[in-house]
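There are 4 protein chains.
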Amino acid sequence: MIAILITIMVLELRQPTGSSWADLGHVIPRVLIYLLSFAFLGIYWNNHHHMLALTDRINGKVLWANLHLLFWLSLVPFLTLWVSEGGEGGSLPIHHEHFAEVPMAVYGIVLLAAAIAYFILKTAIVNEMGSESEIAQALGDDFKGKISPMLYAAGIILAFINRWVSLGLYVSVALIWVVPDQRLESRIASRTESS
Amino acid sequence: MIAILITIMVLELRQPTGSSWADLGHVIPRVLIYLLSFAFLGIYWNNHHHMLALTDRINGKVLWANLHLLFWLSLVPFLTLWVSEGGEGGSLPIHHEHFAEVPMAVYGIVLLAAAIAYFILKTAIVNEMGSESEIAQALGDDFKGKISPMLYAAGIILAFINRWVSLGLYVSVALIWVVPDQRLESRIASRTESS
Amino acid sequence: MIAILITIMVLELRQPTGSSWADLGHVIPRVLIYLLSFAFLGIYWNNHHHMLALTDRINGKVLWANLHLLFWLSLVPFLTLWVSEGGEGGSLPIHHEHFAEVPMAVYGIVLLAAAIAYFILKTAIVNEMGSESEIAQALGDDFKGKISPMLYAAGIILAFINRWVSLGLYVSVALIWVVPDQRLESRIASRTESS
Amino acid sequence: MIAILITIMVLELRQPTGSSWADLGHVIPRVLIYLLSFAFLGIYWNNHHHMLALTDRINGKVLWANLHLLFWLSLVPFLTLWVSEGGEGGSLPIHHEHFAEVPMAVYGIVLLAAAIAYFILKTAIVNEMGSESEIAQALGDDFKGKISPMLYAAGIILAFINRWVSLGLYVSVALIWVVPDQRLESRIASRTESS
Chain H
1 MIAILITIMV LELRQPTGSS WADLGHVIPR VLIYLLSFAF LGIYWNNHHH
51 MLALTDRING KVLWANLHLL FWLSLVPFLT LWVSEGGEGG SLPIHHEHFA
101 EVPMAVYGIV LLAAAIAYFI LKTAIVNEMG SESEIAQALG DDFKGKISPM
151 LYAAGIILAF INRWVSLGLY VSVALIWVVP DQRLESRIAS RTESS
Chain X
1 MIAILITIMV LELRQPTGSS WADLGHVIPR VLIYLLSFAF LGIYWNNHHH
51 MLALTDRING KVLWANLHLL FWLSLVPFLT LWVSEGGEGG SLPIHHEHFA
101 EVPMAVYGIV LLAAAIAYFI LKTAIVNEMG SESEIAQALG DDFKGKISPM
151 LYAAGIILAF INRWVSLGLY VSVALIWVVP DQRLESRIAS RTESS
Chain S
1 MIAILITIMV LELRQPTGSS WADLGHVIPR VLIYLLSFAF LGIYWNNHHH
51 MLALTDRING KVLWANLHLL FWLSLVPFLT LWVSEGGEGG SLPIHHEHFA
101 EVPMAVYGIV LLAAAIAYFI LKTAIVNEMG SESEIAQALG DDFKGKISPM
151 LYAAGIILAF INRWVSLGLY VSVALIWVVP DQRLESRIAS RTESS
Chain A
1 MIAILITIMV LELRQPTGSS WADLGHVIPR VLIYLLSFAF LGIYWNNHHH
51 MLALTDRING KVLWANLHLL FWLSLVPFLT LWVSEGGEGG SLPIHHEHFA
101 EVPMAVYGIV LLAAAIAYFI LKTAIVNEMG SESEIAQALG DDFKGKISPM
151 LYAAGIILAF INRWVSLGLY VSVALIWVVP DQRLESRIAS RTESS
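Protein chains in written order, with our numbering: chain H, 1 to 195; chain X, 1 to 195; chain S, 1 to 195; chain A, 1 to 195.
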């Protein structure tokens, strides 16, 4: 389902208003924020995929924790458009402010909520699988999972002071995560070999 | 396919008209009804998934009963927009009435039709699998499946008297179902253990 | 992929222009043609699913025959909107002619092309699997597959004389197919039992 | 996910402005570029599917190389619309220039980037699987993979001289690839037989 979200996000990408290089230039901020959202959803897709690959049993709590995460992620395409356009201003081609303060802050709030939802999902899985399970040990020390919410929180506040710093913080979270979760990956590799 | 429906529904979520907190405030009713529809489709996704996990054989009747259910569910994103916007009023930003009477009633009618379609699907599966089958016993006493249509019916009628009561009834159905079907879940768990 | 097509088709369904019963009445033709297209795609989904369930090997020809079928089916949502709206007339709410002649004829042409593409796919699969294979025998006498193109062809021509007769012919093809392919189904059932 | 991209691309296909044959004629360039993009995504879908069928292990690099490819492919529906419409000109029905120079060049750039991303993905898979692996040998001599980027590059430059030549080059790349990768296919066939 995260794959579908990533895919439909392109439908929110508005066309240039003409067919010159200048028209293309005007959509570059949109393409950049699209790229950032693409990276965030891609990170969740990869890590989510890795985590579920180590999860043999699911219960009702895990299902709902999963749906809760998907709810926040499903708002990302919507916010991506808002950040890039600054609002829907009627029928004429619009050149609203890109990366406006409030959309930037709300973008961070939704990313923060998704990070918390991911933490809840992880906890629900570990509870179901037991603290002695492979996945509990694999997820043991979660540095990235602890630093990310702090960076999001800083990004939300700084959106009202300097939104470029805010944008930089969101980009840096994405960069931290681009390397998928080595812990999980090595576990899956070793499990595959031993089986 | 229900996962796809949940995902594309976000495409129906309209942008705020500007980039202030006030503009965001105007879209809150839209986000709330989106959340409600997200919950309904999520409930069907989970229970449908559980039910099919216990279904080893399918026949033509089951396939069509399934497609019939999906037809009604596929109207949910469409109605979600109608409930939240009250109609498409041309090209200018519109502030139609949220949660208008007729859309609220039609929303309930489609939810009721989906509930009936789910009942038909369940019956078709039990007929195929036999009344002695695990799934027939697991689904034996379906309290939630009996109370929900009554609440929908009440919601449809009350939409014309007080639509907030109607909304409250729909929300309460969602809350009843948020806990996935324990009966099915425990069967799947025990089956997994015994295998 | 047919499942995705069925699902996204709802995105083409336009909102009513207001929130009264009369506004809802105006969208009824749209919902009916949506239902017809939903039925056609659902029929292809079911039969396609049954056919591929009996196909153990695929080669390049089968892959491309499959993609060729999907191309024609992918035009169905686009045509459904055109049939129901009669064209995109600018930004104001439009009440174009529903079920206009040319859209009705083109709708039939695309359905005919999809039927031919399905025949090509079937032939490619039978060639790959061999004429002695289970699937070749299961598909042996294809009455529905022979009568449908004739009904489509009649519907295309009659669109210019009486489009309601044309619509009636398309609906009758859908009705013929709503019962999924018994031949394939009984084979799958017997195979499952013997395995 | 490529399947989803192919499917949602039809949502970008704009309706004719009326219901006559002439109105249909105006959308023919759109349908042709849609068909070309459909063919490109279909080619990637088939070859990608074949390649992953021979890939037993994936690591983080492969996952990100895959996501990188999907990023470029996800821009195809967006560019298809731009090429066919020449830009979004407000709310009135528009008859912008089809196949304008800059969109044609950017279309080629994205196809080139996707081809490079596919090469990176292939390299990452071969590195993971080892140069002695079946897939490395199957992919050994990649004539099509070498000629395609050159044709794209020529198409990008020629877009500014004669865009029809440019279009012809893109179409010829698609034609070269329509036959799926025989090397991979024969390997999969032989593997299936030996297993």
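Keep in mind that a hint or two might mislead.
When chains are identical, the list treats them as one kind, so a pair holds in a single copy or across two.
Here are the computed lysine-lysine pairs in the DSSO-like style, where the Cα-Cα straight-line distance is at most 30 Å [claimed, not checked]: (1) Lys61 x Lys144; (2) Lys61 x Lys122; (3) Lys146 x Lys61.
Just so you know, these hints were derived from the structure itself, not from any lab.
Hint check:
1. Lys61 x Lys144: Intra 24 Å, inter 19 Å, cutoff 30 Å: intra and inter.
2. Lys61 x Lys122: both (11 Å within a copy, 24 Å between copies)
3. Lys146 x Lys61: both (23 Å within a copy, 24 Å between copies)
In summary, this structure violates none of the numbered hints.
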